[in-house]
Amino acid sequence: MKNTWKNVVDYIGTSRLVVIGFLLVLMISVFPLGINPGMIYSDCIVRIGMNGFLVLAMMISIVCGAGLNFGLPIGILCGLFGGSIAVQFNWSGLGGFWGACLVSVPVALIVGYLYAKLLNNVKGSEMTVGNYMAFSIVSLMSIAWLVLPYSNPKIVWPITGVGLRTTLTLEDNYDRVLDKFLKIDFKQMGILQSNPYWKDFSVSTGLLLTFAVGCILMWLFMKTKAGVIMRCSGGNPGFSRTLGVNNNHIRTLGIMASTVIAAIGINIYSQSYGFYQFYSAPLMMAFPAMAAILIGGATPKKATVFNVILGVILFQSLLTLATPVANALINAGSISEVVRIIVQNGIILYALTKIKSNGGK
0 MKNTWKNVVD YIGTSRLVVI GFLLVLMISV FPLGINPGMI YSDCIVRIGM NGFLVLAMMI
60 SIVCGAGLNF GLPIGILCGL FGGSIAVQFN WSGLGGFWGA CLVSVPVALI VGYLYAKLLN
120 NVKGSEMTVG NYMAFSIVSL MSIAWLVLPY SNPKIVWPIT GVGLRTTLTL EDNYDRVLDK
180 FLKIDFKQMG ILQSNPYWKD FSVSTGLLLT FAVGCILMWL FMKTKAGVIM RCSGGNPGFS
240 RTLGVNNNHI RTLGIMASTV IAAIGINIYS QSYGFYQFYS APLMMAFPAM AAILIGGATP
300 KKATVFNVIL GVILFQSLLT LATPVANALI NAGSISEVVR IIVQNGIILY ALTKIKSNGG
360 K
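Take the sequence shown: its letters are residues 0 to 360, numbered as in numbering that gives the first Met the number 0.
Among the hints, erroneous ones may be present.
[Said to hold, decoys possible] The calculated lysine to any residue pairs, modelled on SDA-like cross-linking and capped at a C-alpha distance of 20 Å, are:
no.	residue 1	residue 2
1	K153	S141
2	K300	I228
3	K301	M126
4	K122	N235
5	K153	D171
6	K186	M38
7	K300	N246
8	K182	I11
9	K122	I39
10	K153	G273
11	K301	F220
12	K198	K300
13	K182	N245
14	K122	N245
15	K153	K122
16	K224	H248
17	K179	W90
18	K186	I34
19	K224	N235
20	K179	G273
21	K198	G94
22	K182	A211
23	K182	L208
24	K300	I11
25	K300	S124
[Stated by the list, open to error] Simulated DEER-style distance windows between Cβ atoms:
no.	residue 1	residue 2	range
26	L145	F305	37 to 47 Å
27	F180	W156	28 to 38 Å
28	N120	N344	44 to 54 Å
29	T159	P31	52 to 62 Å
30	V24	T168	29 to 39 Å
What the hints contain is simulated information worked out from the structure, not anything from laboratory work.
Nothing here was measured: the structure is a model prediction, and the numbers come from that model.
Ideal Cβ placement from N, Cα and C applies to all residues, glycine included.
Using the sequences and the accompanying hints, generate a full structural model.
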């Protein structure tokens, strides 16, 4: 029994077990505080599904040797472009959603290739360069959203008739189309309606299935020859170079894949959110994904699908549960946002200090 517990601690990590314990405390505390557990647990499930692909995009960037992808907003912008095309032409339903993803992919491949070429020339400073590159591209696209020839009256500014609005609603397109697909809703199905705790519980099955398929495909890729070479190249570029591996080529493929997954991920996120947000909205979206994969046990040099799944569950559940619990305990409107910022940025800071303590390896 002692050896079993030691193996669990070694595999998951002491810090992760502490976070899991804190999460369990939050999950239990909703009952005495009078918070609707069915509704809040359902929100946790939705948040896990809608953010999962963005964390997967972070994983492939780490595996290929580019470190934490601070340039994630670049891929997100490609996805927003595909989404804006879908709304422009009134695509709707599951077909409209996947059409938006289909438009996003070739754009993300081209942009990801160019971004990878840049990062290959600044080895050792990928995170810094990626951060400022993302800020610059987001600002550049803020101008592009105003001058691109959109004409649908639902998405352009009503007075001038040109330029995208800051927020585009997906109500007439594919609002929550994955969330509603095969959804298990206790209220609609008449399950446990006499139980005040669980009568509002629901499971967004389609959203979770999409995330699960993405994780399975990523896991299978990591088992292939290309995946093994990518992990070797990212983990020990000197050794892989002696084996004849072109590290720059592997990094290029990894960054392109990260950009494509981010483009698909923002479409999944937005359909679940119910809106597309443009201009400065993508600016800080890399940070929650980074915090999630790091809290799952990844490092800036090593990441697995398990880290993605564990991290997105822990991080998003913590954020979702901490908000109502903090508001119930402390009567201050901004306390939950303060807690979110401390947790998110504290995890990233801890990971970056670990890089330095390991001699920059």
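Cross-check of the supplied hints:
{"no.": "1", "hint": "K153 to S141", "in the structure": "holds (19 Å)"}
{"no.": "2", "hint": "K300 to I228", "in the structure": "holds (15 Å)"}
{"no.": "3", "hint": "K301 to M126", "in the structure": "holds (15 Å)"}
{"no.": "4", "hint": "K122 to N235", "in the structure": "holds (14 Å)"}
{"no.": "5", "hint": "K153 to D171", "in the structure": "holds (10 Å)"}
{"no.": "6", "hint": "K186 to M38", "in the structure": "holds (11 Å)"}
{"no.": "7", "hint": "K300 to N246", "in the structure": "holds (15 Å)"}
{"no.": "8", "hint": "K182 to I11", "in the structure": "violated (31 Å)"}
{"no.": "9", "hint": "K122 to I39", "in the structure": "violated (43 Å)"}
{"no.": "10", "hint": "K153 to G273", "in the structure": "holds (15 Å)"}
{"no.": "11", "hint": "K301 to F220", "in the structure": "holds (16 Å)"}
{"no.": "12", "hint": "K198 to K300", "in the structure": "violated (44 Å)"}
{"no.": "13", "hint": "K182 to N245", "in the structure": "violated (45 Å)"}
{"no.": "14", "hint": "K122 to N245", "in the structure": "holds (14 Å)"}
{"no.": "15", "hint": "K153 to K122", "in the structure": "violated (44 Å)"}
{"no.": "16", "hint": "K224 to H248", "in the structure": "holds (15 Å)"}
{"no.": "17", "hint": "K179 to W90", "in the structure": "holds (17 Å)"}
{"no.": "18", "hint": "K186 to I34", "in the structure": "holds (18 Å)"}
{"no.": "19", "hint": "K224 to N235", "in the structure": "holds (16 Å)"}
{"no.": "20", "hint": "K179 to G273", "in the structure": "holds (12 Å)"}
{"no.": "21", "hint": "K198 to G94", "in the structure": "violated (32 Å)"}
{"no.": "22", "hint": "K182 to A211", "in the structure": "holds (15 Å)"}
{"no.": "23", "hint": "K182 to L208", "in the structure": "holds (11 Å)"}
{"no.": "24", "hint": "K300 to I11", "in the structure": "holds (17 Å)"}
{"no.": "25", "hint": "K300 to S124", "in the structure": "holds (14 Å)"}
{"no.": "26", "hint": "L145 to F305: 37 to 47 Å", "in the structure": "holds (43 Å)"}
{"no.": "27", "hint": "F180 to W156: 28 to 38 Å", "in the structure": "holds (33 Å)"}
{"no.": "28", "hint": "N120 to N344: 44 to 54 Å", "in the structure": "violated (29 Å)"}
{"no.": "29", "hint": "T159 to P31: 52 to 62 Å", "in the structure": "holds (53 Å)"}
{"no.": "30", "hint": "V24 to T168: 29 to 39 Å", "in the structure": "holds (37 Å)"}
Against the hints set out earlier in the document, violations occur for numbers 8, 9, 12, 13, 15, 21 and 28.
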